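Colleague: In order, the protein sequence lines correspond to chains A and B.
First residue of the first sequence? That's 15 in the working numbering, and the numbers climb one at a time after it.
First residue of the second sequence? That's -15 in the working numbering, and the numbers climb one at a time after it.
If you're looking for bench data, these hints aren't it; they were derived computationally from the structure.
Values in this document were obtained by computation on a predicted structure and should not be read as measured data.
Among the hints, a few may not be true.
Said to hold, decoys possible - SDA-like mimics (lysine to any residue), calculated; alpha carbons at most 20 Å apart, straight line:
1) K56/A - L88/B
2) K56/A - E244/B
3) K56/A - E78/B
4) K56/A - T327/B
5) K56/A - S45/A
6) K56/A - V49/B
7) K56/A - G326/B
8) K56/A - G329/B
9) K340/A - Y135/B
10) K56/A - G371/B
11) K56/A - G323/B
12) K246/A - P214/B
13) K56/A - P82/B
14) K56/A - P84/B
15) K157/A - A251/B
16) K157/A - G371/B
17) K56/A - A86/B
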Amino acid sequence: MLNETLAAEVLSLARTGGADFAELFAEDTVSTTLRLHQGEVKDAGGGNLFGAGLRLLYGTRVVYAYTNDVTPQGLRDLAGQVARARGGAGEVGREGTGGLDFRRLEARPLYVAREHPRQTGVREKLALMRRAHGGAAGAGFVKTVDVNYLDRMQRVLIANSEGVWAEDERVWTRMTVSAIAQDGTLRETGYYGPGAGQGLEFFETVPPEQIGAEAARIANAMLHAGYAPAGKLPVVIGNEFGGVIFHEACGHILETTAVEKSASVFADRMGERIAHESVTAIDDGTLPGSWGMVTVDDEGMPGERTVLIEQGVLKSFMVDRVGELKTGHKRTGSGRRQNYTYAPASRMRSTFIDNGRETPQSLISGVAHGIYARKMGGGSVTPGTGDYNFAVQEAYMIRNGEIAEPLRGASLVGNGAQDLLNIVGVAGDLSLGQGMCGSVSGSLPTDVGQPHILISEITVGGRA
Amino acid sequence: MTAQSEPQLSLAEAQAYLLERARTQGVTLEVYGERGTATSVKAYGGEVSEFKLSTRQGVGLRALVRGAWGYSFTENLSRPALDRALDSAVENAELVQPEPAAALHDWPPPPALDLYGEGLSGVTVEQKVQVALNLDRVAREADPRVVSVPYGGYQDGDLQRLVGNSAGLGREERQLYAMQYAYPLVSEAGQNKMQGDWQFTREFTELDPTRTALSAVEKAAALLGAKPAPSGTFPAVITGECLAQLLMLFSPMFSGKMVEEGKSPLAGRLGEQVASPLVTLVDDPTLPRGLNSRAFDAEGCPSVPLTLIAAGTLTAFLHNAATAARAGTGSTGHADRHGIQGTVGVGPSNLFMQAGQTDGPALAPGLTGLRLTDVSGGHAGANPITGDFSLEAQGFWLEEGEVAHPLEVFTVAGNILDLLAGIEAAGSEVHWTDYGAGAPDVRVNALAVGGA
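Throw the hints in and build the complete structure from the sequences for me.
Modeller: Put into structure tokens, the structure is as follows:
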């Protein structure tokens, strides 16, 4: 083990510049990536990420350094480097080292992988991918199919000068299918990519054929579609990955990383009504086996279930250690980072709008002229302004309360603070979708989710 | 977690060790290595909010077994870890479908490029911190409407890359960069806007924090007083930075790999007129100040400029060794790899549209329509397989060629090939983005806008 004596020595060395707090994060990550194109294995790779980061806090100021020389001397050198960055000597006498009485965090794993990807051969993974290929290939107008498989096992150690000692193993497994449908010069793409914080048993609940079939269904449904109209319209957004709207429009600006800089329109609005009363939104790290699961966050704190908005009222931010220091709001186990090359920041886990009382049908039937955005693509937000966008992968016109012709090429744009008030109906069919979320501490697995919702008015970017 | 107990080799030692092991095992191997040291200083509210130092190195392996490539990578450079990586690359190759024309080459020498400048050894930590603090202070003091500078700072990096293979190739280069950026948040009458500016250089002394900060504030403040955009189709001026962003988003259309996999709308159209005669599109990895400059590509193939579109005619695709051989041509030196973890694909370096003849107001005399300055959401809203885009946009409304007012968040939509075909005039200066793409300002006849 990276033993307690060495960790204590490194933390002490690092604090010789006068830091209030020091934290060591060490990581050993093994990954597999595979790609099938037209059913043939095109890429097989993967490898070993191995490194350590040291974070010091001087008040709320952060010094971070990392290296992948994780030998005892490499770690001592790193500690000396960060200490000297603030004018410290980078060395301590024998009596000054160690002495930390670590308390081992005994967090019970929320989920233990049954078919661990490390114990499963690549040939079995390829067999699963071939099933996904089979689900898409030749369906309707589908001419081209790509299947990607990814697994990642990240082992981490977090030790800090407050005596925290936390270890965790995170397993992620994911399969994504891209299908291209073609008819003459017409061409459209469909994509579906579920994943989980589980081993390969995940594919028992979500059979690979289904993943392929869903990508193919979207590509075929959109192939002969006309272009979406442009302008402000009512929009019904589908469940599962539809939740990307809340993620972009509101999630990012409820992270203390944005709040602490006043780069959030919600910074001073705790306890106020910021959304329609039908909206309850939650960021949950405790869903067993989920893509956004956090048994222990990257600051050594167990994940939590955080109610962000309750019946329209702002209840909590997502808070990490620096966020707590700067804003005074209690940490929520939201300190996350992609790997040792990033200092942790407050980040989303599984973020979703909770079930409401309507049904998808009742939402759609109330719209005279609008859009049904059944499957969403990705999106992004500018934290300072709350202006966000996201792409619609599969959309339909709604005419007189009925789903009508398919539409391609739509995006939705708006402003989080305003559009949250425009969510006027929430159905009861909550489900989660999986994505990679990029922000200051790197790219992380996060779930988005929601039931079907109705937004009274949003700007649609089409060209008809 | 285990600390590494075995000694770590240097990058060059690791490469030599692996190639020697490969030779004795009869494995055809390529070793791609990177070592980088970097400093980053973020400032907020007059103080350094984050200071970051890093050292990172590792090797990416590519083994060729019976015509098939297998990959692996490791950041652990001990001999046992390197052995495991070699075994893993070979095992992976055995699972992969053989590719016609897969081979390693001992390429001719690369061009001599100075991407290193004077170096950073004479620059103190205090000087770097001062750049970040100056950016923050100048931006905050420049205009009372500046609330704060949420994103601002200084970064530098010193990167060593090497490529060696069992065909005898051995290439190494070092490059350095220093950059600064500031994104002020401005507020007036309940409207919040954020916009910024940046500077990239290979010489620390060339950085000018005052200029970048003032320009950032000017760009952000210009967006205040925004009014809703109308919905409809309008003529537009697209700024060079914005067009460059679109070109980068759609650069996979020019990839020989995307072409051979049936994913490019330009497949089969070499020699055809695919854009306005005003469009000449070049990819040049040899620009001394280019953000993505390099002397050789991820396979060690020497860098040369390449014209993709000449006066509207599609003249070339980007290729690595294998895609080129299968397309019956030679590598253009565009083998691309996202660090040691990536596989070898095809990608652009510094991609830019050449300047035209028209300048300033002459670009849009009397035009009533849009001045499009920025698009975002491209990772999902731009589809290089179809060429279609629908994106969040920023810009201004023009009346009779003059800026009338900025526009509230709106969208633009269309198809990149239609857009390039519809270019009616091109400005006389190329503007670069902070990811290494460039273009002049252009005027197009029609752009679909989604607004109020």
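Colleague: Now tell me if each hint is right for this structure.
Modeller: Each hint, compared with the structure:
1. Between K56/A and L88/B the CA atoms are separated by roughly 17 Å; this keeps the pair inside 20 Å, and the hint holds.
2. For the proposed pair K56/A and E244/B, the alpha carbon gap of about 13 Å is at most 20 Å, so the pair holds.
3. As the CA atoms of K56/A and E78/B are separated by approximately 11 Å, the hinted pair is consistent with the 20 Å bound.
4. Only pairs whose Cα atoms come within 20 Å are accepted, and K56/A paired with T327/B is accepted, the gap being roughly 10 Å.
5. Of the supplied pair hints, the one linking K56/A and S45/A holds, its CA atoms being roughly 17 Å apart against a limit of 20 Å.
6. Distance restraint check for K56/A and V49/B: the Cα-Cα separation of roughly 13 Å lies within the 20 Å cut-off, and the hinted pair is therefore satisfied.
7. About 13 Å separates the Cα atoms of K56/A and G326/B, which keeps this hinted pair within 20 Å; it holds.
8. Straight-line distance between C-alpha atoms of K56/A and G329/B comes to about 11 Å, which keeps the hinted pair within the 20 Å bound.
9. A distance of roughly 17 Å separates the Cα atoms of K340/A and Y135/B; the hinted pair therefore holds under the 20 Å criterion.
10. Of the pairs offered as hints, the one joining K56/A and G371/B is violated, with about 25 Å between alpha carbons and a cut-off of 20 Å exceeded.
11. A threshold of 20 Å between alpha carbons decides the hint, and for K56/A with G323/B the separation of about 19 Å falls inside it, so the pair holds.
12. Restraint check for K246/A and P214/B: the C-alpha separation of about 10 Å stays at or below 20 Å, so the hint holds.
13. For the hint linking K56/A to P82/B, the alpha-carbon distance of about 8 Å falls within 20 Å, and the restraint holds.
14. Restraint check: the Cα-Cα separation between K56/A and P84/B comes to about 12 Å, which is no more than 20 Å; the hinted pair holds.
15. Our distance criterion of 20 Å between C-alpha atoms is met by K157/A and A251/B, whose separation comes to about 15 Å.
16. Between the alpha carbons of K157/A and G371/B the distance comes to roughly 18 Å, so the proposed pair stays at or under 20 Å and holds.
17. Note on K56/A and A86/B: the hinted pairing holds, with a Cα-Cα distance of about 12 Å set against a maximum of 20 Å.
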